[in-house]
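Turn these sequences into a full structure, and let the hints guide you.
As a plain string of letters, each chain reads:
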Amino acid sequence: GNSVTQMEGPVTLSEEAFLTINCTYTATGYPSLFWYVQYPGEGLQLLLKATKADDKGSNKGFEATYRKETTSFHLEKGSVQVSDSAVYFCALPKTTRSGGGADGLTFGKGTHLIIQP
Amino acid sequence: GAVVSQHPSWVICKSGTSVKIECRSLDFQATTMFWYRQFPKQSLMLMATSNEGSKATYEQGVEKDKFLINHASLTLSTLTVTSAHPEDSSFYICSATERTGGTGELFFGEGSRLTVL
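Taken in order, these protein sequences are the chains called A and C.
Going by the numbering used here, the first sequence opens with residue 3, and the numbers climb by one from there.
Going by the numbering used here, the second sequence opens with residue 15, and the numbers climb by one from there.
Any given hint might turn out to be false.
[Unchecked claim] Subject to a maximum C-alpha distance of 16 Å in a straight line, what follows is the list of computed EDC-like cross-link-like pairs (lysine to aspartate or glutamate):
(1) A:96 / C:73
(2) A:96 / C:119
(3) A:54 / C:119
(4) C:55 / A:10
(5) A:51 / C:119
(6) C:28 / C:101
(7) A:70 / A:57
(8) A:79 / A:18
It should be emphasised that the hints constitute simulated quantities derived from the structure, not laboratory data.
Quantities reported herein were computed from a predicted structural model and do not represent experimental measurements.
Pasting the structure below:
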């Protein structure tokens with residue numbers, strides 16, 4: 003099955019700093035790629051996604067580009083805020099299906115991001 | 015977005031007892047639900063996939079007689095941890111999708127923290 007590796011934290015940054023959280027994947031074919039965020043005390047929320055190579059997903063100032071050459075989907079934000087403090091998970095389908103059928107996701111270990119004022 | 019609710023959000027039980035966790039899709043019909051387990055500072059591990067009206071598909075290494083999953087309706091799935099032991103203490107998270115074809119967006123519950131004494 004597919005797998006994902008992301009940098010482990012915690013990552014501590016000052017407010018307005020530039021953020022990069024690395025994520026690389028191993029997959030059959032070209033599955034959709036996701037970033038989920040888990041704020042303290044809450045469930046996981048989809049942050050952004052990309053469904054094909056060279057796609058760029060973006061939301062709330064975060065961006066990630068699906069790069070098949072480097073099998074990466076790094077998460078970036080130009081200027082982080084204290085409210086961005088959370089755990090971020092890179093994910094992709096457990097298997098790459100060509101004919102449909104809902105599939106569970108495989109998650110990275112999560113990166114705990116701490117933004118200091 | 016769609017809302018998935020879990021209940022209870024936390025539960026403490028004695029060793030040897032059984033605990034049931036509910037997962038409900040509040041504003042959509044969930045044809046497929048997934049149950050994950052998250053250990054402290056670790057990633058989410060997919061336990062099983064359940065489709066409404068059929069038996070759950072368990073991941074390798076997950077005991078189906080230990081973790082009973084029922085998905086009797088399009089809005090409710092339950093996970094019952096039978097004869098719980100301290101090693102079953104964990105954070106259990108459900109997610110749901112309303113599409114049976116492809117990897118639709120997953121919506122996550124808030125999670126249920128189980129502590130077995």
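Okay, the hints, checked on the actual structure:
Taken as a hint, the residue 96 (chain A) and residue 73 (chain C) pair is honoured in the structure, with Cα atoms around 11 Å apart against an allowance of 16 Å. For the suggested pair residue 96 (chain A) and residue 119 (chain C), the alpha carbons sit about 14 Å apart, so the restraint of at most 16 Å is met. With a C-alpha separation of about 15 Å, the suggested pair residue 54 (chain A) and residue 119 (chain C) falls inside the 16 Å cut-off, and the hint holds. For the proposed pair residue 55 (chain C) and residue 10 (chain A), the alpha carbon gap of about 10 Å is at most 16 Å, so the pair holds.
Pair hint residue 51 (chain A) plus residue 119 (chain C) holds up; C-alpha atoms about 9 Å apart against a cutoff of 16 Å. Straight-line distance between C-alpha atoms of residue 28 (chain C) and residue 101 (chain C) comes to about 12 Å, which keeps the hinted pair within the 16 Å bound. A C-alpha spacing of about 10 Å is found between residue 70 (chain A) and residue 57 (chain A), which places the hinted pair at or below 16 Å, so the restraint holds. At most 16 Å may separate the alpha-carbon atoms for a hinted pair to count; residue 79 (chain A) and residue 18 (chain A) meet this at roughly 9 Å.
In summary, this structure violates none of the numbered hints.
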